[in-house]
Amino acid sequence: MGLLAAGIGAGIAAIGAGIGIGMIGKSAVESIARQPEASGDIRGAMILTAALIEGVALIAAIVCILLVFFS
Amino acid sequence: MAQASRGFIFLLFLFFSFNPAAVSAEVQDDSGEEPVIDVMGKVQDHNYLTVAGFDIPLPRIIFVEGSLVPKVYSSTSAAVSSGDFNELPGYVLESSTENAIVLDMSVTSHLVYFWFAILLTVWISIAMAKKYKKGAGRETEPKGWFQNLFELTFLFIRDDIAKTNIPEKKYRKFVPYLFAVFVSITFMNLFGLLPWGVTATADITVTAILAAFTFILTQWNGSKDHWEHVFWFPNVPPLMRVILTPIEILGLFTKPLALAIRLFANMLSGKIMIICILGLIFIFSEFFGAAFGIGTSFLVVPLTVALYVLKAFVGILQAYIFTLLSAVFIGMAAEEHDHIEGIEAHA
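In the order they appear, the protein sequences are chains A and B.
When the letters of the first sequence are read in order and numbered with this note's numbering, they come out as residues 1 to 71.
When the letters of the second sequence are read in order and numbered with this note's numbering, they come out as residues 1001 to 1347.
These are calculated hints, taken from the structure and not from any lab test.
Please note that the accuracy of each hint is not assured.
[Said to hold, decoys possible] Straight-line alpha carbon distances no greater than 25 Å define the calculated SDA-like cross-link-like pairs of lysine to any residue that follow:
(1) B:Lys1163 - A:Asp41
(2) B:Lys1169 - A:Leu48
(3) B:Lys1169 - B:Tyr1320
(4) B:Lys1271 - A:Gly16
Construct all of the structure, not just a fragment, from the sequences and the given hints.
Here it is, written out as structure tokens:
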């Protein structure tokens, strides 16, 4: 049961993070295409935001790992 | 590309052609039978250091009940032969007297790698500063990869991370911390890729300590405006403060928590992924015979090489993200808002 919960939870977390980071990448590429001279700043902001989203997704992943190995 | 995708489909096919009985047997493995490959055992902290296939025992420092003086032994076996402790499987000690173990402060493999990374950082900083001082005033560029690489890193930390995120007047004081964090985390991440290496950052205690440093620095250098924003948010209706103050106080602690978990989880997941994919060889040879295991290795080893390259990149990227977020948090706290009066004047 714990294994099932961990699998489903990891999947849902991956969906959420995937949508979020995908949207960041989309808007970053669009804005770099519009304004190539600002690409350095945009890349920095993109990595920062992606890291923030990734943190939330990884907290979910850690909970799943705990479920698998320590439940 | 086509070959890679064909290989992937082949692997996928192998997964689905798995005998369900064998899978269920593997799931029920924890009832005593030894698993084919022990994933968590490879990732966890140990009381020995593996170098070239040999286990070097590390010192044990143990506090027992009723005494403030720790008991120090040169190795686990020395602790056992002293008669105070019994050894359980996996180098775990259990007190054989009536005084239970209160705190185990033993030197572990992660700690050794942590010290190693810090020593390297200190050595790099001192050597770089000495060489820089010697060349001050010269017109030509510095020679040698060492000086060029680390001066470039230092400039990158100073200009792209510290200067852009921390207010102009205060950023100089934080550059050494940010540089030290960046270099030592990079070393700790990359040491895990060496043979017999241990990723110290794949341990929540190591990353939690690093995040705690950032937390203390952030709060210590918090400006008056930072604390005002935490406890008494300006320019909002009074009732909103009932909601905002707890959220802001919670926010103080979730930032370093997320910082610690992000680094830890990235490193842990990379390590688990590599071990799992390499472990496929042993799992297949266990179920279908050695020849099948050899066949799998032709597929799995190139995949692992690709993952290694990815992990090296992720190791540097995560060190960068840790440093960048530390700088952002410090900058947010150290900032002084001059414009608040202006907004009030307009309102």
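Right, here's what the structure says about each hint:
1. Under the criterion of a C-alpha separation no larger than 25 Å, the hint pairing lysine 1163 of chain B with aspartate 41 of chain A is consistent with the structure, at around 13 Å.
2. Only pairs whose Cα atoms come within 25 Å are accepted, and lysine 1169 of chain B paired with leucine 48 of chain A is accepted, the gap being roughly 23 Å.
3. For the proposed pair lysine 1169 of chain B and tyrosine 1320 of chain B, the alpha carbon gap of about 23 Å is at most 25 Å, so the pair holds.
4. The straight-line distance between the Cα atoms of lysine 1271 of chain B and glycine 16 of chain A is roughly 23 Å, inside the 25 Å bound, and the hint therefore holds.
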